[in-house]
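The task is simple: from the sequences and hints, build the whole structure.
2 protein chains.
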Amino acid sequence: MPEAPSKSDYLIGVDLGGTKILAGLFTPGLKCLGRAKTSTKADRGPSAVIERIARCVQDAADECDISLKQVRAVGIGSPGAIDPENGRVLFAGNLGWKDVPLKRELEKHLEIPVFLQNDCNVCTLGVQEVELESKPRNMVGVFLGTGIGGGLILEGKLFTGFNRTAGEIGHMVLEVNGPKCTCGNRGCWEALASRSALFRQIQEAIRDGQKTVLTEMLGSDLKDLRSGDLRKAIRQGDKFIAHIVEEAAKYTGIAVANLINILSPEAVVIGGGVMDALESEMMPMVVANAREHAFPGSDKGVKIIASKLGDDAGITGAAVLARRESR
Amino acid sequence: MPEAPSKSDYLIGVDLGGTKILAGLFTPGLKCLGRAKTSTKADRGPSAVIERIARCVQDAADECDISLKQVRAVGIGSPGAIDPENGRVLFAGNLGWKDVPLKRELEKHLEIPVFLQNDCNVCTLGVQEVELESKPRNMVGVFLGTGIGGGLILEGKLFTGFNRTAGEIGHMVLEVNGPKCTCGNRGCWEALASRSALFRQIQEAIRDGQKTVLTEMLGSDLKDLRSGDLRKAIRQGDKFIAHIVEEAAKYTGIAVANLINILSPEAVVIGGGVMDALESEMMPMVVANAREHAFPGSDKGVKIIASKLGDDAGITGAAVLARRESR
Chain A
111 MPEAPSKSDY LIGVDLGGTK ILAGLFTPGL KCLGRAKTST KADRGPSAVI
161 ERIARCVQDA ADECDISLKQ VRAVGIGSPG AIDPENGRVL FAGNLGWKDV
211 PLKRELEKHL EIPVFLQNDC NVCTLGVQEV ELESKPRNMV GVFLGTGIGG
261 GLILEGKLFT GFNRTAGEIG HMVLEVNGPK CTCGNRGCWE ALASRSALFR
311 QIQEAIRDGQ KTVLTEMLGS DLKDLRSGDL RKAIRQGDKF IAHIVEEAAK
361 YTGIAVANLI NILSPEAVVI GGGVMDALES EMMPMVVANA REHAFPGSDK
411 GVKIIASKLG DDAGITGAAV LARRESR
Chain B
111 MPEAPSKSDY LIGVDLGGTK ILAGLFTPGL KCLGRAKTST KADRGPSAVI
161 ERIARCVQDA ADECDISLKQ VRAVGIGSPG AIDPENGRVL FAGNLGWKDV
211 PLKRELEKHL EIPVFLQNDC NVCTLGVQEV ELESKPRNMV GVFLGTGIGG
261 GLILEGKLFT GFNRTAGEIG HMVLEVNGPK CTCGNRGCWE ALASRSALFR
311 QIQEAIRDGQ KTVLTEMLGS DLKDLRSGDL RKAIRQGDKF IAHIVEEAAK
361 YTGIAVANLI NILSPEAVVI GGGVMDALES EMMPMVVANA REHAFPGSDK
411 GVKIIASKLG DDAGITGAAV LARRESR
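As they're listed, the protein sequences go chains A and B. Count along the first sequence from 1, then add 110; that gives the number in our numbering. Count along the second sequence from 1, then add 110; that gives the number in our numbering.
I should point out that these hints are in silico values taken from the structure, not numbers from a laboratory. The structure presented is a predicted model; accordingly, all values stated were derived computationally and were not measured. Take the hints with a grain of salt, since some may be wrong.
[As the list claims (entries may be wrong)] Okay, derived cross-link-like pairs now, DSS-like style, lysine-lysine, Cα gap no bigger than 30 Å in a straight line:
| no. | chain 1 | residue 1 | chain 2 | residue 2 |
| --- | --- | --- | --- | --- |
| 1 | B | 410 | B | 130 |
| 2 | A | 410 | B | 413 |
| 3 | B | 208 | A | 413 |
| 4 | B | 410 | A | 290 |
| 5 | A | 413 | B | 267 |
| 6 | B | 333 | A | 410 |
| 7 | B | 290 | A | 290 |
| 8 | B | 151 | B | 267 |
| 9 | A | 410 | B | 267 |
| 10 | A | 418 | A | 267 |
| 11 | B | 179 | B | 218 |
| 12 | A | 141 | A | 130 |
| 13 | B | 179 | B | 147 |
| 14 | B | 413 | A | 290 |
[What the hints assert, rightly or not] Among the chain A residues that face chain B by a calculated CB cut under 7 Å, a handful are:
| no. | residue |
| --- | --- |
| 15 | 242 |
| 16 | 244 |
| 17 | 273 |
| 18 | 279 |
| 19 | 282 |
| 20 | 368 |
| 21 | 407 |
We put the beta carbon where it would ideally sit given N, CA and C, even for glycine.
Shown next as structure tokens:
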């Protein structure tokens, strides 16, 4: 007797960030039916944040008139170092968390199976599953945001390695004597091309007397500066900001070439807030530099593309995780 | 009835290089019983070289009073881009080869199954199988010689990726405005720490008036300079050579950290002629820089060690390949 389609096959994907929590309700076919969003309030501590996650999950289901009983599993992408087997956030700097049993606590609240992974790994799963028709067996997801993170899918599976830290691509050194990084080293990709790196370079230059339309737009302290403001400045002809963004794109291209040389992936997909805001300004330069620096032959047929998932990457990937793990 | 131990279970591993061919006869338990060696004579063209390989294989067997009929399979590591499935050397610059059906031609000569892989991949297999007791599921082999190459074992298997070029680690850019590399880019690891890079730096400095005991040892043109001469110079107190080697070790450490950040391996094992000659001069600095540059937590419990296989890495790994593939 063929199994009847179950009414409890919905999935919920959660994107846990330092400032906000997003949750999305998905069909088994990964169509997003509704979303909910709340602030993280990390300063209130892990229990309070976990309660907020549970409420956000319920809100996403409620938004679609679905009861949690109809949800098969919840996937969640968290920043930091994760132990997926035991469902623990080992360390997450921007949440102030150390060894938090997120899976177990969230399951107590929701009474549904919860699956946990690192946020960049989760986003990479999402890109592979819903964004790339070829579903490449070997791909790298790159996320340019406040920091730079990545995820690896190798031979069809998420690859996390011996210490579960594979994909810490943002701390790849590209310039041994380059600018100082938050990790303590110099010249990491993250110190050259993340949002923080771009903003730091702009602020330092302004302090040294550099003129930019950004100060006209936002005041001399650049309060509330966002990646999108850089795009606006470039479109208004601000050559200084264009140069800063071009340099970041050049370094990103070289980093992508390094990843291609090391891993020979079929696709490198670049997402994150910086790329979402500056895709048309950055991608041509990223691709040109990646092709120029890849070892001859190693980039043949390799796709180097920007992700279109935007803010949905996290919840989509988390839903993919929930689907895979609850099978 | 238990299967009787077969008399035809010997293995032969071949290391095909630009200047010499090595072959070794191994027991099924990977003990080397004898070796043979001949010059490659690449200028005579592929057919002549393949004949020489066949003769070298026969010599290795003959050396041990074994007939080729008692040999189960031959493994061979070749430089360049390889198509292992079809047994073809797609491109090998230092042999002058383009699309050579090495497996098929060698099987015609020997009438034994032949298995082909890239030389650095083969050496990595050898290190994993016979050198590391823990047989790590995730490891990187690094080979510092005339150039710098690598091999990846991920989840227990040789990983070659989409274009079969994974492990081209020598062309990882570490210094965007660094010295020119043979690949056309600047600041590749290979341009900073390979034997060619070391020799180039030394020769340039001598031209600029730098004094070194190497010129006393070998004459001002440094004819026949070898990696071992650098060790001798350092042991005679040559601070200039010590500095050149230290810089190469520093860059190598940073490159190892990049590999650890990206791949989270359990072990990074470094071999090749430069490391064989300069292990005690380089390794402490390599390890210190790798640990300093690895992202916190990602190098926990990770072994960073020098290979002890020396010249035997290639033939040993090739025998491992023959054993795995002929099972």
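Verification of the supplied hints:
Of the pairs offered as hints, the one joining residue 410/B and residue 130/B is violated, with about 39 Å between alpha carbons and a cut-off of 30 Å exceeded. As the CA atoms of residue 410/A and residue 413/B are separated by approximately 33 Å, the hinted pair breaks the 30 Å bound. For the given pair, residue 208/B sits about 26 Å from residue 413/A by alpha-carbon distance, which is consistent with the 30 Å threshold. Using a Cα cut-off of 30 Å, the hinted pair residue 410/B and residue 290/A holds, with the two alpha carbons roughly 23 Å apart.
Annotation: proposed proximity of residue 413/A to residue 267/B holds, straight-line Cα distance about 25 Å (limit 30 Å). For the proposed pair residue 333/B and residue 410/A, the alpha carbon gap of about 40 Å is over 30 Å, so the pair is violated. Only pairs whose Cα atoms come within 30 Å are accepted, and residue 290/B paired with residue 290/A is accepted, the gap being roughly 25 Å. For the hint linking residue 151/B to residue 267/B, the alpha-carbon distance of about 33 Å lies beyond 30 Å, and the restraint is violated.
In summary, the hint linking residue 410/A to residue 267/B is supported, as the alpha carbons are separated by about 23 Å, within the 30 Å threshold. A C-alpha spacing of about 22 Å is found between residue 418/A and residue 267/A, which places the hinted pair at or below 30 Å, so the restraint holds. For the proposed pair residue 179/B and residue 218/B, the alpha carbon gap of about 14 Å is at most 30 Å, so the pair holds. Between residue 141/A and residue 130/A the alpha-carbon distance is near 22 Å, which keeps this suggested pair within the 30 Å criterion.
Among the hinted pairs, residue 179/B with residue 147/B is consistent with the structure: their alpha-carbon atoms are about 21 Å apart, no more than 30 Å. With a CA separation close to 27 Å, the supplied pair residue 413/B and residue 290/A stays within the 30 Å bound. Below 7 Å, beta-carbon pairs count as interface contacts, and residue 242/A has none with chain B, the closest being about 13 Å; its hint is therefore violated. With a least beta-carbon distance of about 11 Å to chain B, the hint placing residue 244/A at the interface is violated under the 7 Å criterion.
Because the smallest distance between the Cβ of residue 273/A and any Cβ of chain B comes to about 5 Å, under 7 Å, the interface hint for this residue holds. Among the interface hints, the one on residue 279/A holds; its C-beta lies about 6 Å from the nearest C-beta in chain B, closer than the 7 Å criterion. Taken as an interface hint, residue 282/A checks out: its beta carbon lies about 5 Å from the nearest beta carbon of chain B, inside 7 Å. The criterion of a C-beta within 7 Å of any C-beta in chain B is met by residue 368/A, whose closest approach is roughly 5 Å, and the hint holds.
Hint on residue 407/A holds. Least Cβ distance to chain B is approximately 6 Å, under the 7 Å limit.
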